[in-house]
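Undergrad: Next come the chains, spelled out residue by residue.
Protein chains: 2
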Amino acid sequence: MKTRERILYKSLELFNELGEPNVTTLLISDELEISPGNLYYHFKSKSDILINLFAWYENEMGALLEVPDGILDIEDQWFFLHLIFETIAKYRFIYNDVVHLIKQHESIRVRFNRIVKKKQHASLKILKSLKKEERLNATDDEIEALCENIVQTATFWLSYSVLSDAQLPDDSLARGVYQVISLVAPFLGKEQRDQLNELKTAYL
Amino acid sequence: MKTRERILYKSLELFNELGEPNVTTLLISDELEISPGNLYYHFKSKSDILINLFAWYENEMGALLEVPDGILDIEDQWFFLHLIFETIAKYRFIYNDVVHLIKQHESIRVRFNRIVKKKQHASLKILKSLKKEERLNATDDEIEALCENIVQTATFWLSYSVLSDAQLPDDSLARGVYQVISLVAPFLGKEQRDQLNELKTAYL
DNA sequence: GTCTATAGGAAGATAGAC
DNA sequence: GTCTATCTTCCTATAGAC
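Chain order of the listed sequences is L and Y. Each residue of the first sequence is one higher than the one before, counting from 289 in the numbering used here. Each residue of the second sequence is one higher than the one before, counting from 289 in the numbering used here.
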């Protein structure tokens with residue numbers, strides 16, 4: 289692996305573990321056993337590293353959010369949400385720091401906002417096709433509020449779960465998925481609510 | 289107002305506006321037109337200021353969470369939640385920074401966690417009495433998941449709403465209250481769902 | 001591409017006079 | 001209680017040799 293890439297991977301690891309503001313360029317270079325000067329040969333600033341990592345995240349999450357066409361079964365939703373949560377976990381420093389990140393980098397505010405909009409759009413799409421298929425029983429107002437709650441929960445579940453347990457426990461992804469589906473469940477038919485319970489016992 | 293108090297109020301204001309890590313002791317003293325030395329006469333460190341503000345928050349939120357006995361009507365819930373959201377808004381630097389705050393101050397982790405537990409306990413209490421009165425129709429599993437979602441939404445709604453709008457808009461508190469009640473609504477009877485819609489048109 | 005050395009600056013905190 | 005002056009430390013970033 290080229291040095292440039294090694295720097296990015298190590299930064300991601302350290303940002304996630306310690307939070308971006310607590311990771312110095314010196315720490316990154318130390319951990320990689322290269323000189324700080326070398327790091328600055330590859331990146332002109334610490335922000336530069338951050339922006340590059342954000343671009344990674346943006347691409348991965350963006351790609352995921354393209355596909356939610358024809359996701360109808362609870363199991364498909366479970367799987368889809370799990371992929372979303374994995375991506376969030378992979379770049380959790382962004383989520384833990386959002387408010388600061390967007391305050392300090394206007395460009396990130398715009399781009400992160402675009403992702404949030406895409407998430408809302410994806411959930412709306414799924415909910416509307418569920419309604420069309422008469423599997424979901426909800427008014428338009430209810431769907432709108434539900435949509436916001438889904439995205440909000442997906443966005444901050446991991447931050448929330450860190451509050452109780454210092455470490456990120458293994459099952460907290462599955463738990464997040466379960467929480468999101470619980471939001472939709474009361475609007476579903478009996479059959480699908482039972483299916484959710486099965487999934488719960490299987491994964492939690 | 290004594291200098292000590294003025295420092296705390298100004299710090300709270302600046303922490304909320306800029307985020308705690310971006311507020312220096314020099315900035316605080318500048319804004320108050322006192323010397324940095326004077327600030328350090330009253331507080332032995334920046335953390336010391338933070339811990340004091342956290343204690344304020346802890347007291348106010350703790351007091352609020354003592355009372356949710358006999359809250360049954362949607363309107364009472366609306367009012368109660370509004371008080372909660374106001375307190376969160378007042379100390380929003382804590383919520384925007386939770387993950388860092390608890391990583392850097394173990395004592396805050398424990399204390400914030402205690403508040404979260406109290407919040408869960410309060411919602412559980414309300415939900416259980418609603419069920420007992422047969423106004424709420426949900427299984428124990430559903431109530432448990434609902435409870436988590438309520439607290440999660442209440443905790444991070446403000447951070448979430450900052451993502452789309454740079455400023456905190458006036459109605460975002462009411463919007464947060466509405467989102468939380470929307471979580472409960474599908475488990476309520478028709479009469480109370482209508483009541484929620486009335487409240488929505490009244491406040492949003 | 002990589003190193004060493006160091007500039008330049010900001011932030012937290014203290015000493016001592018008034 | 002409050003001020004000025006200053007110390008120390010830490011961090012980002014650059015210069016210049018190899």
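Note that these hints are calculated values from the structure, not bench results. Where hints are given, some of them may not hold.
Because identical chains cannot be distinguished in the list, a pair is counted as satisfied if it fits within a single copy or across any two copies.
As the list claims (entries may be wrong) - Derived PhoX-like pairs: lysine-lysine, alpha-carbon spacing no greater than 25 Å straight-line:
no. : residue 1 : residue 2
1   : 332       : 298
2   : 290       : 419
3   : 478       : 298
4   : 406       : 378
5   : 488       : 419
6   : 488       : 405
7   : 478       : 420
8   : 334       : 290
9   : 334       : 378
10  : 391       : 413
11  : 488       : 478
12  : 416       : 406
13  : 420       : 391
14  : 420       : 378
15  : 334       : 391
Undergrad: When no copy is specified for residue 488 and residue 405, does a C-alpha distance of 25 Å or less occur within a copy, between copies, both, or neither?
TA: Answer is between; shortest inter-copy Cα gap is 23 Å, intra-copy 29 Å.
Undergrad: Cα distance capped at 25 Å. Does residue 478 pair with residue 420 within a copy, between copies, both, or neither?
TA: For residue 478 and residue 420, the Cα distance is within 25 Å both inside one copy (17 Å) and across copies (23 Å).
Undergrad: 25 Å Cα cut-off: does residue 416 pair with residue 406 within a copy, between copies, both or neither?
TA: within (15 Å within a copy, 36 Å between copies)
Undergrad: Are the CA atoms of residue 406 and residue 378 at most 25 Å apart within a copy, between copies, both, or neither?
TA: Answer is within: at 19 Å inside a copy they meet the 25 Å cutoff, but 30 Å across does not.
Undergrad: Cα distance capped at 25 Å. Does residue 488 pair with residue 419 within a copy, between copies, both, or neither?
TA: This pair counts as both: shortest intra-copy Cα distance 23 Å, inter-copy 23 Å.
Undergrad: Within a copy, between copies, both or neither: which one fits residue 420 and residue 378 at a CA-CA cutoff of 25 Å?
TA: neither (34 Å within a copy, 43 Å between copies)
Undergrad: First find the shortest C-alpha distance between residue 391 and residue 413 inside one copy, then the shortest across copies, and answer within, between, both or neither for a cut-off of 25 Å.
TA: Close neither inside one copy (30 Å) nor across copies (38 Å); limit 25 Å.
Undergrad: Within, between, both or neither: how does the pair residue 334, residue 378 come out at a Cα-Cα threshold of 25 Å?
TA: within (19 Å within a copy, 32 Å between copies)
Undergrad: Between residue 290 and residue 419, at a C-alpha cutoff of 25 Å, which is it: within one copy, between copies, both, or neither?
TA: neither (50 Å within a copy, 60 Å between copies)
Undergrad: From the Cα coordinates, with 25 Å as the cut-off, is the pair residue 334 and residue 391 best called within, between, both, or neither?
TA: both (16 Å within a copy, 22 Å between copies)
Undergrad: Between copies, within a copy, both or neither: which fits residue 488 and residue 478 at Cα up to 25 Å?
TA: Cα proximity of residue 488 and residue 478: one copy only (15 Å, versus 29 Å across).
Undergrad: Taking 25 Å as the upper bound on the Cα-Cα distance, should residue 332 and residue 298 be classified as within, between, both, or neither?
TA: For residue 332 and residue 298, the Cα distance is within 25 Å only inside one copy (17 Å; across copies 36 Å).
When held up to the earlier numbered hints, the structure conflicts with 2, 3, 10, 13 and 14 and fits the remainder.
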